[in-house]
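Q: Input sequences plus hints: build the corresponding full structure.
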Amino acid sequence: VQLVINMRIERKPYQDEHNPPMHAIWNPTIDSPLFPIPMRSLMKGVRAALPVIENGGKVYVHCQAGVHRGVAMGAAILIAQGFEPQEAMDLIKAKRPAADPDAWYIRRRILRFAKIWDQDAFA
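Quick note: the sequence shown, position 85, residue 85 per the UniProt record's numbering, numbers continuous.
Please keep in mind that the hints were generated in silico from the structure rather than gathered at the bench. All values reported here derive from a predicted model rather than from experimental measurement. No residue lacks a Cβ here, since even glycine has one placed at the ideal position from N, Cα and C. There may be inaccurate statements among the hints.
To be verified - Here are the simulated lysine to aspartate or glutamate pairs, EDC-like style, with alpha carbons at most 20 Å apart: (1) LYS115 to GLU87; (2) LYS58 to GLU17; (3) LYS115 to ASP90; (4) LYS115 to GLU84; (5) LYS44 to ASP90; (6) LYS44 to GLU54; (7) LYS44 to ASP120; (8) LYS95 to GLU84; (9) LYS115 to ASP102; (10) LYS44 to GLU10.
Unchecked claim - Cβ pair distances, simulated, as ranges: (11) PRO33 to GLN81: 24 to 30 Å; (12) GLU54 to GLU10: 39 to 45 Å; (13) GLU54 to ASP102: 26 to 32 Å.
A: What follows is the structure, given as structure tokens:
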């Protein structure tokens with residue numbers, strides 16, 4: 001793993017003791033329908049993840065329970081790689097049955113990201 005994307009607001013990441021250290025991004029977000037995941041947070045994670053993946057590296061995305069915030073970021077990364085939104089959500093559910101990209105407020109952010117990403121790609 002060359003990049004860790006931490007979506008938890010609850011706790012900053014620990015200092016990495018690996019040599020060389022893994023690159024980490026703290027992308028604090030709240031898991032609540034009252035506070036939608038900001039598009040800038042999803043874009044920040046995607047823009048950091050794509051070069052790592054394109055160079056053959058691996059990216060680890062996590063949140064508190066691996067059900068909503070990390071799932072939204074994972075779906076955004078897959079969408080940026082060319083997956084359709086539903087295809088990305090289905091793949092995540094298949095690999096992590098506890099994942100819930102269909103929670104209305106998470107699905108809404110994933111679909112919004114896809115729309116914005118597509119618009120940026122054609123701009």
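Q: The structure should be examined with respect to each hint, and the outcome stated for every one.
A: Right, here's what the structure says about each hint:
The hinted pair formed by LYS115 and GLU87 meets the criterion: a straight-line CA distance of about 15 Å does not exceed 20 Å. Proximity of LYS58 to GLU17 is assessed by CA-CA distance (about 18 Å); at most 20 Å being required, the pair is judged to hold. At most 20 Å may separate the alpha-carbon atoms for a hinted pair to count; LYS115 and ASP90 meet this at roughly 18 Å. For the hint linking LYS115 to GLU84, the alpha-carbon distance of about 11 Å falls within 20 Å, and the restraint holds.
For the hint linking LYS44 to ASP90, the alpha-carbon distance of about 23 Å lies beyond 20 Å, and the restraint is violated. Restraint check for LYS44 and GLU54: satisfied, since their Cα atoms lie roughly 16 Å apart, inside the 20 Å limit. At roughly 14 Å between alpha-carbon atoms, LYS44 and ASP120 fall within 20 Å of each other, so this suggested pair holds. Restraint check for LYS95 and GLU84: the C-alpha separation of about 17 Å stays at or below 20 Å, so the hint holds.
With a C-alpha separation of about 17 Å, the suggested pair LYS115 and ASP102 falls inside the 20 Å cut-off, and the hint holds. Proximity of LYS44 to GLU10 is assessed by CA-CA distance (about 19 Å); at most 20 Å being required, the pair is judged to hold. Taking the beta carbon of each, PRO33 and GLN81 are about 27 Å apart, inside 24 to 30 Å as hinted. The hint said 39 to 45 Å for the Cβ distance between GLU54 and GLU10, and at roughly 31 Å that hint is violated.
At about 29 Å, the CB distance of GLU54 to ASP102 agrees with the hint of 26 to 32 Å.
Of the numbered hints given earlier, the model fails hints 5, 12; all others are met.
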